[in-house]
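Reconstruct the complex from the two isolated chains, following the hints.
Given next are the chains, with one letter for each unit.
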Amino acid sequence: QKEVEQDPGPLSVPEGAIVSLNCTYSNSAFQYFMWYRQYSRKGPELLMYTYSSGNKEDGRFTAQVDKSSKYISLFIRDSQPSDSATYLCAMRRNIYNNNDMRFGAGTRLTVKP
Amino acid sequence: DAGITQSPRYKITETGRQVTLMCHQTWSHSYMFWYRQDLGHGLRLIYYSAAADITDKGEVPDGYVVSRSKTENFPLTLESATRSQTSVYFCASSEGAALNTGELFFGEGSRLTVL
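Taken in sequence, the protein lines are chains A and B. Residues in the first sequence are numbered from 1 upward in steps of one, following the numbering used here. Residues in the second sequence are numbered from 1 upward in steps of one, following the numbering used here.
Just so you know, not all the hints are guaranteed correct.
What the hints assert, rightly or not - Here are the computed lysine-lysine pairs in the DSS-like style, where the Cα-Cα straight-line distance is at most 27 Å:
(1) LYS57(B) / LYS42(A)
(2) LYS42(A) / LYS70(B)
(3) LYS2(A) / LYS67(A)
(4) LYS112(A) / LYS70(A)
(5) LYS11(B) / LYS57(B)
(6) LYS11(B) / LYS42(A)
Honestly, the hints are just simulated from the structure, not real lab data. Nothing here was measured: the structure is a model prediction, and the numbers come from that model.
This is chain B alone, in the form it adopts within the complex (with noise of 0.2 Å):
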């Protein structure tokens, strides 16, 4: 009963390094999204995809670059962090528009704090 994961749950890095942060799901779920979690604002889209080698941005993309080169995986990495990127992020799944309920389906987030 796998689902949705995301690795790594935690991680601290300094301003200017490099983050990937993974996200795997085993429903074959057509979309996936990359969620931001912030006091005051909620979740914030900043990336999704409909499919492989298909994405596009979302609210919050700046600082941020995605792929999918398989329909299961869809990393997320800021290329230089900044403080200002310190978040918990969601990756999310959902099956594609025919069958679409308005369900996502999220990992249970990798926490993110750059000094």
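This is chain A alone, in the form it adopts within the complex (with noise of 0.2 Å):
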């Protein structure tokens, strides 16, 4: 079993839809959470970043995480066709060991105009 599992998708919605993206994992020692966002050809860039459990808004977009579940979620409000791209959530036990980062396979995400 993954430690961190992600519906690959793909997933198609039309503009001005409410996109849920989620993940789940197995390793409860996991704290941080990350959201990147991969253009096509283009190299991960990070897009949201959280602390233990709750929520965190920025724009659009809301990331959540419910460590009692072992699930993190990211919404993107009145999704707009640049949002299309891949997005991986990523995990890390703490901010000490650079090498624990864990990915998701990541959800590709196309908005239609």
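Now the structure itself:
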């Protein structure tokens, strides 16, 4: 069983829709949770960062962490064609071990005009 | 505005050949990483380096060699390429642990095909 599970999609939605992307994980030691966005033929870039449980909002994006269920989500409101990308969840146990980042497989999202 | 650059961006080679992927960063970040990205597996860590002359294995190090003689460079060598090493390789860097929010800064990737 993988430490981090993420539905690869693909997910296709119309412009303006609310998008929900999710990951589950098995290691309860993970405390730092991230979402990276990766455009086609580019490297991933950090989109959202959260520590422990709770919500974090940044513009149209909301990251949610439920440690009791080992489940994290990224919500995109009023989705735009420019949001079309692959979204990777990532998590780590602490900020001191740089080698313990674990990534999900990524969900490919297409937002149609 | 250089950031982190990888070369070559695309490479086709044959089984058994040696291949070196280059990575250069201009931020003076302490940490550098090599990941491979494959369908269904996401990003997997091959090797990382905490500083010049300090390297360590990641999740999938077999068949790869790294070195870091200078802070800004972190080349990855496939000593004898195999078809299973066909992948997209990403170099990344990050600041030291005390400043580390978990953000990795990635290059644009090197797409390697082994025939």
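Can the restraint linking LYS42(A) and LYS70(B) be considered satisfied, given a maximum Cα separation of 27 Å? At roughly 25 Å apart (the allowed maximum being 27 Å), LYS70(B) and LYS42(A) satisfy the hint.
Hint consistency between LYS11(B) and LYS57(B) [alpha-carbon to alpha-carbon, up to 27 Å]: holds (24 Å)
Taking only the CA atoms, is the gap from LYS2(A) to LYS67(A) under or equal to 27 Å? holds (17 Å)
Within 27 Å, alpha carbon to alpha carbon, are LYS57(B) and LYS42(A)? holds (25 Å)
Within a Cα-Cα threshold of 27 Å, do LYS11(B) and LYS42(A) meet the stated pairing? holds (16 Å)
Take a quick look at whether LYS112(A) and LYS70(A) sit within 27 Å of each other, Cα to Cα. violated (31 Å)
The structure fails to meet hint 4 from the earlier list, while all remaining hints are met.
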